[in-house]
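A.B. asks: The listed protein sequences derive, respectively, from chains P and G.
Under this note's numbering, think of the first position of the first sequence as 1, with each following residue one higher.
Under this note's numbering, think of the first position of the second sequence as 1, with each following residue one higher.
It should be emphasised that the hints constitute simulated quantities derived from the structure, not laboratory data.
Be careful, since some hints might not be right.
Copies of the same chain look alike in the list, so a pair counts if it fits in one copy or across any two.
[Unchecked claim] Straight-line distance between alpha carbons at most 30 Å, and here's what the computed DSSO-like set of lysine-lysine pairs gives: (1) Lys97 with Lys12; (2) Lys12 with Lys37; (3) Lys97 with Lys27; (4) Lys97 with Lys82; (5) Lys27 with Lys12; (6) Lys27 with Lys37; (7) Lys54 with Lys97; (8) Lys97 with Lys37; (9) Lys27 with Lys82; (10) Lys12 with Lys54; (11) Lys27 with Lys54.
2 protein chains.
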Amino acid sequence: MFVFMEIIEVNKVLANQTRLNILHWLKDPERHFPPHKELGHFDFGVCAQYIQEKSGMSQSTISHFLLLLQQADLVIPTRLGKWTYYQRNEETISNYKQHLARL
Amino acid sequence: MFVFMEIIEVNKVLANQTRLNILHWLKDPERHFPPHKELGHFDFGVCAQYIQEKSGMSQSTISHFLLLLQQADLVIPTRLGKWTYYQRNEETISNYKQHLARL
DNA sequence: GAAACATATCGATAATTCTAGATATATCAT
DNA sequence: ATGATATATCTAGAATTATCGATATGTTTC
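Please construct the entire structure, taking both the sequences and the accompanying hints into account.
C.D. replies: What follows is the structure, given as structure tokens:
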């Protein structure tokens with residue numbers, strides 16, 4: 001029954017269109033974002049700015065959304081210089097799916 | 001991307017502890033509820049009263065929750081006399097899981 | 001048809017979530 | 001140090017959700 005609490009927490013986070021989109025976009029950065037000028041790769045995911053621009057929402061909102069995703073352990077942030085890159089946490093996502101599968 | 005809207009709709013409904021519990025309880029009525037005195041079976045699911053009593057929440061709240069579950073197509077209501085029985089809609093639930101699996 | 005019962009709907013308040021603008025912080029370049 | 005840039009945090013109002021009590025509706029029984 002503890003597992004349920006995790007499901008609820010994730011469901012709350014993923015009950016929002018933009019946050020669900022973000023998680024989806026991060027699955028295939030090459031497809032959804034321009035290349036990182038400095039890094040040249042997406043090994044740490046995508047920088048917050050690109051996510052914000054693609055979403056069309058305000059910077060503060062996206063920063064907040066990324067925090068929510070992070071608190072639910074759905075994404076892993078990596079700070080490099082002034083940029084913060086976000087990548088999916090496949091382990092949590094996979095656990096979530098497995099738990100839901102038993103519903 | 002339309003599929004996402006369905007996921008969001010279901011996630012909203014299942015971001016609530018009680019509603020998630022209800023769906024879980026309905027998976028195995030024998031385990032979670034006393035037998036129906038009149039019917040003697042759970043072929044149509046479980047009557048709203050039993051669900052309400054088990055949940056510990058008010059009658060109006062549970063009636064409302066059951067409506068939300070119904071609107072998301074997660075349960076199927078059957079009215080028999082003064083009772084309304086609710087059973088899981090396994091098709092929708094299965095679809096939901098499959099869609100999420102692609103996330 | 002009146003009483004009893006199960007469920008549904010209405011109305012209202014409290015709590016939470018959504019979202020943005022303003023501001024703060026951290027980092028880089030000059 | 002200063003200015004520019006990326007991100008984070010604070011504050012706040014609007015919108016939505018959670019939940020209940022009261023009332024209405026539908027059904028059965030007498």
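A.B. asks: Work down the list of hints and note, for each, if the structure agrees.
C.D. replies: Verification of the supplied hints:
In this assembly of identical chains, Lys97 and Lys12 lie within 30 Å of each other by CA distance both inside one copy and across copies; the values are 15 Å within and 16 Å between. Taking the shortest alpha-carbon separations for Lys12 and Lys37, neither the intra-copy value of 34 Å nor the inter-copy value of 38 Å comes in at or below 30 Å. With identical chains, the CA atoms of Lys97 and Lys27 are at most 30 Å apart both within one copy (15 Å) and between copies (18 Å). When the C-alpha separation of Lys97 and Lys82 is checked against a cutoff of 30 Å, the pair qualifies neither within a copy, at 34 Å, nor between copies, at 38 Å.
When the C-alpha separation of Lys27 and Lys12 is checked against a cutoff of 30 Å, the pair qualifies both within a copy, at 20 Å, and between copies, at 22 Å. In this homomeric assembly, Lys27 and Lys37 come within 30 Å of each other (Cα to Cα) only inside a single copy, at 20 Å, whereas the closest approach across copies is 52 Å. Taking the closest pair of Cα atoms, Lys54 and Lys97 come within 30 Å of each other both inside a single copy (26 Å) and across two copies (27 Å). For the identical chains of this complex, Lys97 and Lys37 are neighbours neither inside a copy (34 Å) nor across copies (38 Å), given an alpha-carbon limit of 30 Å.
Proximity of Lys27 and Lys82 under a CA criterion of 30 Å is satisfied intra-copy only: 23 Å inside one chain copy versus 50 Å between copies. In this assembly of identical chains, Lys12 and Lys54 lie within 30 Å of each other by CA distance both inside one copy and across copies; the values are 22 Å within and 24 Å between. Taking identical chains as interchangeable, the C-alpha atoms of Lys27 and Lys54 lie at most 30 Å apart only when both belong to the same chain, with a minimum of 15 Å there against 41 Å between chains.
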